[in-house]
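**Student:** Two chains, each in its own frame: build the complex with the hints.
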Amino acid sequence: MCGIAGLIHRGKSSNVGSELQGMLQALKHRGEDSTGYALYGDTDGKNFIMRFKVGENVGEGSSSIMEDVSVYDERKKIVDKTLAEIGAKIIKEERTLPYSLRYELEYDAKDLLNFSQTIEAIPGVEILSMGKSLEVIKDLGNAKAVCDRYSLDKLVGTHAIGHARMATESGVDIKSAHPFWGYPFSDVSVVHNGQLTNYWNNRRVLENKGMRFMSECDSELIAVYIAQKMREGATLEEGMRDSLLGLDGVFTYFVATKDSLGMAKDTMAAKPLVLYESDDLVAMGSEEIAIRSVLPQEIDTYDPFDGEVKVWQI
Amino acid sequence: MANLKTVSKKSKAQSMGMHTEVLTGRTQQKFFNPDEAENFYYFGTYDVDFNKRTDLDVKDMTAPEANKEIDNLMSQGYGTIVIKNPQGKHSLGVGILNKLNLIFEGSLGYFGMGSCDGPIVRINGRVGWSCAENLMAGKVVIEKNAGSCFGAAIRGGDLICKGSVGARTGIDMKGGTIIIGGDAGAFTGFMMQRGRIIILGDVGINLGDSMYDGTIFVGGEIGSYGSDAVDAELSSNDQDWLKRKLKVAEIGENFDVSKMKKIVAGKKLWNYDNLEPTEKKGAI
Numbered sequence: 008m009c010g011i012a013g014l015i016h017r018g019k020s021s022n023v024g025s026e027l028q029g030m031l032q033a034l035k036h037r038g039e040d041s042t043g044y045a046l047y048g049d050t051d052g053k054n055f056i057m058r059f060k061v062g063e064n065v066g067e068g069s070s071s072i073m074e075d076v077s078v079y080d081e082r083k084k085i086v087d088k089t090l091a092e093i094g095a096k097i098i099k100e101e102r103t104l105p106y107s108l109r110y111e112l113e114y115d116a117k118d119l120l121n122f123s124q125t126i127e128a129i130p131g132v133e134i135l136s137m138g139k140s141l142e143v144i145k146d147l148g149n150a151k152a153v154c155d156r157y158s159l160d161k162l163v164g165t166h167a168i169g170h171a172r173m174a175t176e177s178g179v180d181i182k183s184a185h186p187f188w189g190y191p192f193s194d195v196s197v198v199h200n201g202q203l204t205n206y207w208n209n210r211r212v213l214e215n216k217g218m219r220f221m222s223e224c225d226s227e228l229i230a231v232y233i234a235q236k237m238r239e240g241a242t243l244e245e246g247m248r249d250s251l252l253g254l255d256g257v258f259t260y261f262v263a264t265k266d267s268l269g270m271a272k273d274t275m276a277a278k279p280l281v282l283y284e285s286d287d288l289v290a291m292g293s294e295e296i297a298i299r300s301v302l303p304q305e306i307d308t309y310d311p312f313d314g315e316v317k318v319w320q321i
Numbered sequence: 048m049a050n051l052k053t054v055s056k057k058s059k060a061q062s063m064g065m066h067t068e069v070l071t072g073r074t075q076q077k078f079f080n081p082d083e084a085e086n087f088y089y090f091g092t093y094d095v096d097f098n099k100r101t102d103l104d105v106k107d108m109t110a111p112e113a114n115k116e117i118d119n120l121m122s123q124g125y126g127t128i129v130i131k132n133p134q135g136k137h138s139l140g141v142g143i144l145n146k147l148n149l150i151f152e153g154s155l156g157y158f159g160m161g162s163c164d165g166p167i168v169r170i171n172g173r174v175g176w177s178c179a180e181n182l183m184a185g186k187v188v189i190e191k192n193a194g195s196c197f198g199a200a201i202r203g204g205d206l207i208c209k210g211s212v213g214a215r216t217g218i219d220m221k222g223g224t225i226i227i228g229g230d231a232g233a234f235t236g237f238m239m240q241r242g243r244i245i246i247l248g249d250v251g252i253n254l255g256d257s258m259y260d261g262t263i264f265v266g267g268e269i270g271s272y273g274s275d276a277v278d279a280e281l282s283s284n285d286q287d288w289l290k291r292k293l294k295v296a297e298i299g300e301n302f303d304v305s306k307m308k309k310i311v312a313g314k315k316l317w318n319y320d321n322l323e324p325t326e327k328k329g330a331i
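Same order as they appear, the protein sequences are chains A and B. Counting from 8, one number per residue, gives the positions in the first sequence under this note's numbering. Counting from 48, one number per residue, gives the positions in the second sequence under this note's numbering.
So here's chain B without its partners, still in its complex pose (with noise of 0.2 Å):
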């Protein structure tokens, strides 16, 4: 068995699918070589204590009011802060481009923890439709089930749901990691472009439909794959992969790993060739 610690860092990545390229182009040399330090500064972001700590009760605030004043806790310093009541309203914790320790004690509606970049987040409750949005890194864990569009379109960071999630779980993921420590619904991994999706219960159908790249590992049933989405070895690599990053989200700590099944994409339906459409559908 590879040992993670003694393979490069590069054959590592290889043999587990993942993709070293540097990125190029305008937009990732302007706003991320990481040689330009001053291109990670985002306007806004405050240095916050992680010991200075508040608590904030939302019930009688609107979405908007609540996330105005998280960022002002914030411009003061607070870097743990724990919400109250959030009682199921939409669009709570959304664009915090910080780090932040944030608690929610209940439940959140629609959207949160959309757009974030870099917080700690632990929900004690449950989660709506398109929970952490687009989140470019940092740590949201869920402790109850989350609705359907769960990390939708993130680019990094780990988001974690110990219960079970709806539908079009990571779709149009282009990084980061999910783990879902109940069952997901259908067409998991929908369109994934990078990236890794964890669960550790059963699965709809329409598994990783229409993926350009990136892994599924499931533990349990798989209720149908999608268009253009195989099943793949499940190496040693893979396998350490998955105890630490199990081991790290706090879920599955004696979950056998051995057994999961690893999916990607066939890579048939995306990789251009010189088929006309109707000749490619025969070869799907």
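This is chain A alone, in the form it adopts within the complex (with noise of 0.2 Å):
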């Protein structure tokens, strides 16, 4: 089923870390294989901040491959080692988990492509977010869970995006869990609810346009469907009005960028959403009573229609 939720403030910073885990966790129901928060934090814009994973030890109920800590020691070298000879300085590290790491670098790259194949090539490494400001975090468990696990709610700052999964069409495991990075773009990321049933036609043809899928996971085709429409010169709004033709079945999907947030629905309108907008304040989840948990007074609220794309700034 699954569950997504997002705000996005209008001309202030508030504490969406702490916001977007009462959204998710109101949705909780919805699905509890994994959650995933896409976070747009404040800060000053210098240095990116790239999220990456070394590993998978996630315990029981994973489909991961379990693995002895050490390796991900042995990775982490190898990772510390790439980034100095290809240019890019380590300002700050945090290691959160054993195999989730948060880097801020110092770093000179206006395309991220090269910099993500050369990180990825190293085995068993995925950078789950690289940008500016957007930072990835996803794992097993509710939105609670992973909340504290990674001390998310006292991040400040102007937009997120979320996902709670039950898992269908893939494994339950951090690579096919939600919100997926708009690779090679800076600061995209997207969750979806839903299925979309012409995965492998659009994936093979994004491959060979030299695009990178990192899980089985069908929603992450979304985040490369619309990177590889803005590789070609489009807007984050024309690629995602170019999905509605481009993929085929049933979906509702949050992309969010380093200053705005959209949303898009099927030409059938077959998964839900309840959206709420303000002149300060948009809030839109699966179900009413995620945005409740952000706005529990009586407000309006209406569900897009079919074929509904919206897109607001910051």
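Do not rely on the hints blindly, as some may be mistaken.
[Said to hold, decoys possible] Here are the computed distance ranges between Cβ atoms for each label pair:
hint, chain 1, residue 1, chain 2, residue 2, range
1, B, 169, A, 286, 27 to 33 Å
2, A, 286, B, 300, 28 to 34 Å
3, A, 8, B, 131, 28 to 34 Å
4, A, 240, B, 291, 54 to 60 Å
5, B, 314, A, 286, 48 to 54 Å
6, B, 101, A, 307, 23 to 29 Å
7, A, 22, B, 259, 50 to 56 Å
No lab work stands behind these hints, which were simulated from the structure alone. Small disclaimer: the values here were computed from a predicted structure and weren't measured. For each residue, glycine too, the CB sits at the ideal point set by N, CA and C.
**Tutor:** Right, dumping it as structure tokens:
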């Protein structure tokens, strides 16, 4: 089933980590296999933030291979060495869990494709997100468990999207969890509720164009599809509108960039979405109770119609 | 113009495309024979007084707890219950098989007022997906917007949304009336079998797709027609009925019903004959 939620504060920052945790926890009955956050924090915009994993030792319930922690240490050393070789200087380093790391990098690069390909050539290493504001955090368990594990409740920023997953199309593991980074674009992330039926057709085409897929989760296609459209010169909104024709199946998805948040709904409107809009806040989720966790007072909400695409700026 | 008051019930109904046949069959005879009064009795219903009123704050209750408390209040004879702080909870007010005046001061989540038979409900807020699914009788009024599958499979009663609704409104409906004050999404009236849908605003694509029967009235623009949905002539009987319904619904009182479009089933898709399926496709 899965549940998605997102919010964007317009003209101000807020405690988006805590707010999104409340929204996703309200949707936990839609899936607790994994939960993911894409948080756009307040930064000075100078350095890149790279969230990455060097394995998936997430224990019982996961379809990932169990590995010894020492393997992660070895991979981390190779990542550090590779970063030095390509001229990326580690400014700050955090290791929340043995397999999950956050680096602040001083790195001068316009196209992150070569950078990502170099780092991900290291076996077992996957970049979860790369950007100057975006941080993707995803792990097994419900929203509160993941939030507590990664201490996300204090993160201040302008906007965020998240996903509570019930695994149906692929494994219960971090690589199949949402949000997906819009590789290789800085600060682009995607969450999705639904099923895509032309996944393999699109994947073959996109792989031939040099795009990469890290999982077999159909939702990853949306991130890659829109990223490819943007590489070809489309704006975010144009890419999203194109996806209504190019993607087959039922879907409601959110895309976020450094300064915007968008939603798209398939032409059959088969997946739910409730939306609240005001001058200073847009909040949306698979169910109204998600919005109620940040706006408990009586508010006006509505369901976007079939084939609708909307984008809001901060 | 035919006058509804002077035309016989049967011819009036037939001119509007309604059905007058007596339902037969073991199930119908057992439960819905009007000559057997005891068959209208529902186990667990209560004799309530509409003038006996109380408030119920469900802020800290789960949906089952709230629904049980509504039942408990009805058992005490309360005929008017005001629900405070519903806060978008799912499945509130379901399974009420009783006369009751129920008022929600706020919005409901999914499946609100599902499988009800008899209550008069006013929701001063919004409702999520599948509001009033399987409604048998009574009246449900929503003051704001509604989600998708609004009034799915209703059998009777009046379901009114003063705002706009999502996709698949009235899907599989088998009777009753749905009235929308604003716009409606795609696949409105999808596979409907009987009953009426009135939309004062615009409606999305595939209107009345695969409808077996029933009637849809649209005041605004139509995105596209679904398979086997066709235009029909809006009769004077239809206009009288529309005016009366909108007045009772307290919605669109000054709306010019004479300009509404009437959509019915073409009856090619489900009118079985000797055509093979491939030939049938070509015939539509």
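**Student:** Are the hints correct? Go through all of them and say.
**Tutor:** Against the structure, the hints:
1. Look at residue 169/B against residue 286/A: about 30 Å separates their beta carbons, and that is inside 27 to 33 Å.
2. Taking the beta carbon of each, residue 286/A and residue 300/B are about 32 Å apart, inside 28 to 34 Å as hinted.
3. For residue 8/A and residue 131/B, the Cβ-Cβ distance of about 30 Å falls inside the hinted range of 28 to 34 Å, so the restraint holds.
4. For the pair residue 240/A and residue 291/B, the beta carbons lie near 57 Å from each other, so the given range of 54 to 60 Å is met.
5. Taken as a hint, the range 48 to 54 Å holds for the pair residue 314/B and residue 286/A, whose Cβ atoms sit roughly 50 Å apart.
6. The hinted window of 23 to 29 Å between residue 101/B and residue 307/A holds, with their beta carbons roughly 28 Å apart.
7. For the pair residue 22/A and residue 259/B, the beta carbons lie near 53 Å from each other, so the given range of 50 to 56 Å is met.
The structure meets every hint from the earlier list without exception.
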